[in-house]
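J.: Each protein sequence line maps, in turn, to chains W and S. Terminal number for the first sequence in this note's numbering: 216, no gaps in between. Terminal number for the second sequence in this note's numbering: 534, no gaps in between.
Just to be clear, a hint being listed does not mean it is correct.
[Stated by the list, open to error] EDC-like, lysine to aspartate or glutamate: derived pairs with alpha carbons at most 20 Å apart:
#1 Lys-369/S with Asp-86/W
#2 Lys-525/S with Asp-422/S
#3 Lys-56/W with Asp-3/W
#4 Lys-525/S with Glu-461/S
#5 Lys-369/S with Glu-320/S
#6 Lys-56/W with Glu-109/W
#7 Lys-369/S with Asp-11/W
#8 Lys-56/W with Glu-476/S
#9 Lys-56/W with Glu-4/S
#10 Lys-26/W with Asp-3/W
#11 Lys-26/W with Glu-354/S
#12 Lys-355/S with Glu-68/W
#13 Lys-183/W with Glu-164/W
#14 Lys-160/W with Glu-124/W
#15 Lys-95/W with Glu-510/S
#16 Lys-355/S with Asp-365/S
#17 Lys-56/W with Glu-461/S
#18 Lys-56/W with Asp-336/S
#19 Lys-56/W with Glu-480/S
#20 Lys-177/W with Asp-151/W
#21 Lys-160/W with Glu-198/W
#22 Lys-26/W with Asp-336/S
#23 Lys-56/W with Glu-483/S
Since the hints were derived computationally from the structure, they do not count as laboratory data. Only a predicted model underlies this, so the values are computations on that prediction, with no experimental measurement involved.
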Amino acid sequence: MSDSTVFLVDDDASIRDALSLLISLKGLRSSVFASAEDFLAVYNPSWRGCLLTDLKMQGMSGLDLQEELQQRGVQLPVVVLTAHGDVNTARAALKNGAVDFLEKPVNDEVLIDVLLNAIRIDEERHRTQTQQAQTTARLARLTAREREVLDALADGLSHKEIAEKLSISARTVEVYKARMMDKLQCGTLADVVRLAMEARAATPERPQNGSKVSSQ
Amino acid sequence: MVAEIRRRGRDLILPAVVYVLLYLALTWLSYAQPVLKTEITPWNPQTGLTVAFLLVYGPGLWPVTAAAAFASEMLIPSIAVSVPLSAAACVWLGMIYGMLASVLRRLDLAGPLLSAVAAGRMAVATVAAATVAALGGVGIFVLAGDVSTLDALRGMARYALADMNGILMLTPLLVLVGYWRESVRVLRNHWREAALQGAMVLATLLVVFYLPAADQLRFFYLLFVPIIWIALSWRSTGALFAVLGIQVALIAAARAGVHTPRFLDLQVLLLTLSLTALLLGAVVAERADILHRLRERDAELARATRFAVAGELTSALAHELNQPITALVSYLRASDILASRHANADAQLRATLEKSMNEALRASDVLRKLRDFYRGGTVKRERIDFVALSTRVTASFQENLRQASAVLVSTIDSSIPSVEGDATQLEIVLHNLIANAIDAVSRAPSAQRRIELHATRSDDELILSVEDSGPGVAAEVSREIFEPFVTTRPGGMGMGLAISRTLAQARGGELSFGRSSTLGGACFKLRLPIEAPG
Numbered sequence: 001m002s003d004s005t006v007f008l009v010d011d012d013a014s015i016r017d018a019l020s021l022l023i024s025l026k027g028l029r030s031s032v033f034a035s036a037e038d039f040l041a042v043y044n045p046s047w048r049g050c051l052l053t054d055l056k057m058q059g060m061s062g063l064d065l066q067e068e069l070q071q072r073g074v075q076l077p078v079v080v081l082t083a084h085g086d087v088n089t090a091r092a093a094l095k096n097g098a099v100d101f102l103e104k105p106v107n108d109e110v111l112i113d114v115l116l117n118a119i120r121i122d123e124e125r126h127r128t129q130t131q132q133a134q135t136t137a138r139l140a141r142l143t144a145r146e147r148e149v150l151d152a153l154a155d156g157l158s159h160k161e162i163a164e165k166l167s168i169s170a171r172t173v174e175v176y177k178a179r180m181m182d183k184l185q186c187g188t189l190a191d192v193v194r195l196a197m198e199a200r201a202a203t204p205e206r207p208q209n210g211s212k213v214s215s216q
Numbered sequence: 001m002v003a004e005i006r007r008r009g010r011d012l013i014l015p016a017v018v019y020v021l022l023y024l025a026l027t028w029l030s031y032a033q034p035v036l037k038t039e040i041t042p043w044n045p046q047t048g049l050t051v052a053f054l055l056v057y058g059p060g061l062w063p064v065t066a067a068a069a070f071a072s073e074m075l076i077p078s079i080a081v082s083v084p085l086s087a088a089a090c091v092w093l094g095m096i097y098g099m100l101a102s103v104l105r106r107l108d109l110a111g112p113l114l115s116a117v118a119a120g121r122m123a124v125a126t127v128a129a130a131t132v133a134a135l136g137g138v139g140i141f142v143l144a145g146d147v148s149t150l151d152a153l154r155g156m157a158r159y160a161l162a163d164m165n166g167i168l169m170l171t172p173l174l175v176l177v178g179y180w181r182e183s184v185r186v187l188r189n190h191w192r193e194a195a196l197q198g199a200m201v202l203a204t205l206l207v208v209f210y211l212p213a214a215d216q217l218r219f220f221y222l223l224f225v226p227i228i229w230i231a232l233s234w235r236s237t238g239a240l241f242a243v244l245g246i247q248v249a250l251i252a253a254a255r256a257g258v259h260t261p262r263f264l265d266l267q268v269l270l271l272t273l274s275l276t277a278l279l280l281g282a283v284v285a286e287r288a289d290i291l292h293r294l295r296e297r298d299a300e301l302a303r304a305t306r307f308a309v310a311g312e313l314t315s316a317l318a319h320e321l322n323q324p325i326t327a328l329v330s331y332l333r334a335s336d337i338l339a340s341r342h343a344n345a346d347a348q349l350r351a352t353l354e355k356s357m358n359e360a361l362r363a364s365d366v367l368r369k370l371r372d373f374y375r376g377g378t379v380k381r382e383r384i385d386f387v388a389l390s391t392r393v394t395a396s397f398q399e400n401l402r403q404a405s406a407v408l409v410s411t412i413d414s415s416i417p418s419v420e421g422d423a424t425q426l427e428i429v430l431h432n433l434i435a436n437a438i439d440a441v442s443r444a445p446s447a448q449r450r451i452e453l454h455a456t457r458s459d460d461e462l463i464l465s466v467e468d469s470g471p472g473v474a475a476e477v478s479r480e481i482f483e484p485f486v487t488t489r490p491g492g493m494g495m496g497l498a499i500s501r502t503l504a505q506a507r508g509g510e511l512s513f514g515r516s517s518t519l520g521g522a523c524f525k526l527r528l529p530i531e532a533p534g
């Protein structure tokens with residue numbers, strides 16, 4: 001949580017000031033922006049945390065900002081602030097993928113709860129992404145043959161079946177497997193299979209390499 | 001069930017007895033008075049009474065009326081005829097007028113006549129029934145050889161006209177006898193006018209009767225003046241009452257020995273007067289009813305618009321005030337946290353901060369309630385005939401369009417089904433869009449002032465667009481055109497589009513705008529689900 005920040009976008013200076021004070025007193029870091037445009041101008045993909053934005057603003061509205069972020073592929077969790085009774089806009093925001101919405105004036109405990117939850121979502125997402133990147137990097141080190149062996153293992157084939165399929169000896173399969181496990185830094189077959197599954201889940205549309213005909 | 005029928009039967013005994021007695025009295029008055037010759041009475045009031053009785057108590061009671069007619073024949077014989085013939089004629093009359101009553105009831109003419117069509121139907125049905133009744137009534141005597149053919153024809157005409165007079169003059173009055181209290185109350189409030197009208201009828205009658213009999217008929221048309229006046233101010237009821245007065249005056253004059261015109265002439269005159277009273281009165285009633293409904297519609301529209309504007313104002317106010325309150329609540333909460341950090345935190349200070357925060361929250365709550373009051377609870381759900389509604393709204397702009405020398409063309413898909421929602425709210429939206437379009441085209445050269453209204457159906461949505469040839473939406477307001485207080489019209493309040501969009505959204509629809517590709521000006525598009533959501 002150390003580098004997570006609440007990015008607060010509101011066109012009302014007093015609300016920016018008051019909410020950021022409250023957020024910081026509750027132990028969270030905050031960064032304020034007077035408009036959606038200001039935020040977008042300086043946004044950096046390395047930013048962690050969540051976005052807390054007002055919906056009704058001069059210029060770009062909160063919904064506009066949400067859409068723009070989605071188009072840019074930014075996955076920062078969004079919490080929206082609504083004026084009371086504005087159910088329709090709140091619903092639209094949730095439909096657009098907002099994590100939650102808060103009614104003004106906000107109860108500080110609810111505010112912190114919601115923000116912490118949003119930050120947790122961001123961290124989880126970040127962790128998954130890091131893991132996936134690592135997996136991809138490790139898989140990239142495999143040779144085509146090693147990759148084929150990995151895919152076949154993930155499909156549940158026995159060493160003998162793999163040898164037949166790849167027209168190599170069972171002994172050679174053992175060698176490939178040992179090398180592959182070494183490169184992937186996996187101690188057990190279970191770890192290898194999990195990694196292969198993760199890699200597939202991360203890139204489902206990626207064509208299977210090697211001579212293996214996809215079951216699809 | 002049986003008890004019910006028995007109870008109803010008992011309830012009918014008194015009216016039937018009263019009816020028969022009245023019938024006999026009227027016949028006696030018309031025929032048996034020695035000073036009155038048979039010809040003097042150009043009407044059959046007892047027929048009017050008969051039809052009214054059947055209308056009020058049910059056409060099924062026609063045998064009672066036949067019996068009354070037969071009793072009067074027996075007690076007060078006008079022509080010497082045989083008993084079976086007389087009985088046959090009475091049954092015939094009873095049946096015909098029973099049928100008339102049932103037709104009038106089915107046509108919903110048993111109460112006040114509120115339209116020209118109703119009065120016309122009443123007149124036609126009466127004329128037809130009286131003719132058929134006379135044909136049969138007199139025909140029976142001809143068949144029996146009691147009367148010569150020429151006499152029969154003359155008698156038939158007299159008889160038919162007398163019946164028509166009796167029905168048209170008396171029946172509409174008699175079926176409304178129950179409302180006499182209201183009539184008296186209204187009369188008391190306008191007694192000067194009524195007295196003046198009565199005096200005018202009387203004066204006209206005096207003038208007419210003062211003349212020799214030959215000239216009387218030439219001046220009888222003067223009677224139309226007071227009758228028309230009375231019909232205009234009192235509708236059919238008052239005018240028929242005046243005709244009744246004229247009838248009574250005629251009898252009185254005959255009694256006093258004044259020479260009066262020929263029987264048939266009098267009959268036709270009275271019939272014309274009755275018809276005039278009936279039709280004119282009905283037209284006046286119809287017009288008053290339409291005016292009343294229009295005024296109510298306007299009032300309803302104005303009320304709903306006021307409410308929507310108040311809602312929009314409140315909403316804007318609530319939003320603006322809620323911002324500083326939000327900041328205030330957060331500052332107070334922050335202050336409380338800061339205060340709590342000191343080891344020797346002042347309990348009183350913290351309590352005070354807490355109270356301040358609660359007050360700020362209360363203010364916000366008041367705003368919320370105010371806003372909710374104008375938001376909820378006012379949306380009606382009804383089936384709206386959109387085609388009729390848009391026709392009505394565009395019709396109400398004819399005068400404005402003419403003044404702006406603008407042309408409004410509407411193309412409305414007649415297959416649009418009825419839409420669920422609040423008709424008044426939909427009318428407000430359409431009204432605002434057209435009013436804005438007229439305002440916009442007024443800024444264009446007069447040759448190109450054109451507005452197009454399109455309504456189509458797309459799946460489960462109604463799509464309505466209002467396009468104009470005006471200058472389009474100014475760039476500086478295009479972002480916030482649906483916000484309250486945003487207007488380009490000098491003196492405009494900037495509420496029309498704001499409330500229109502709020503109303504559309506409250507109903508699950510959307511109001512958007514763009515540029516009209518065909519006319520070059522603005523194009524406002526309303527999308528509305530045909531079935532209301534939720």
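J.: Has the given pair, Lys-355/S with Asp-365/S, been kept, meaning a C-alpha gap of at most 20 Å?
T.: Satisfied, since the Cα-Cα distance of roughly 15 Å is no more than 20 Å.
J.: Decide if the proposed pair is consistent with the structure: Lys-183/W and Glu-164/W, CA atoms, cutoff 20 Å inclusive.
T.: Given that 20 Å is the threshold and the Cα spacing comes to 24 Å, the pair is violated.
J.: Is it true that the CA of Lys-56/W sits at most 20 Å from the CA of Glu-476/S?
T.: OK: Lys-56/W and Glu-476/S at ~18 Å, within 20 Å.
J.: Straight-line Cα separation of Lys-56/W and Glu-109/W no greater than 20 Å?
T.: Judged against 20 Å, a Cα distance of about 23 Å means the pair is violated.
J.: Given the hinted pair Lys-369/S and Asp-11/W, is their alpha-carbon gap at most 20 Å?
T.: The given pair, whose Cα atoms are some 25 Å apart, is violated under the 20 Å limit.
J.: Given the hint that Lys-56/W pairs with Glu-480/S, does the C-alpha gap stay at or below 20 Å?
T.: 11 Å, holds
J.: If you draw a straight line from the CA of Lys-26/W to the CA of Asp-336/S, is it 20 Å or shorter?
T.: 12 Å, holds
J.: Is the Cα-Cα distance between Lys-177/W and Asp-151/W 20 Å or less?
T.: 11 Å, holds
J.: Verify the proposed pairing of Lys-56/W with Asp-336/S, using a straight-line Cα cut of 20 Å.
T.: 29 Å, violated
J.: Taking 20 Å as the top limit, are the C-alpha atoms of Lys-160/W and Glu-198/W close enough?
T.: At roughly 25 Å apart (the allowed maximum being 20 Å), Glu-198/W and Lys-160/W break the hint.
J.: Has the given pair, Lys-525/S with Glu-461/S, been kept, meaning a C-alpha gap of at most 20 Å?
T.: 12 Å, holds
J.: Can you confirm whether the C-alpha distance between Lys-56/W and Asp-3/W stays at or below 20 Å?
T.: 29 Å, violated
In summary, the structure is inconsistent with hints 3, 6, 7, 9, 12, 13, 14, 17, 18 and 21 from the numbered list given earlier, while agreeing with the others.
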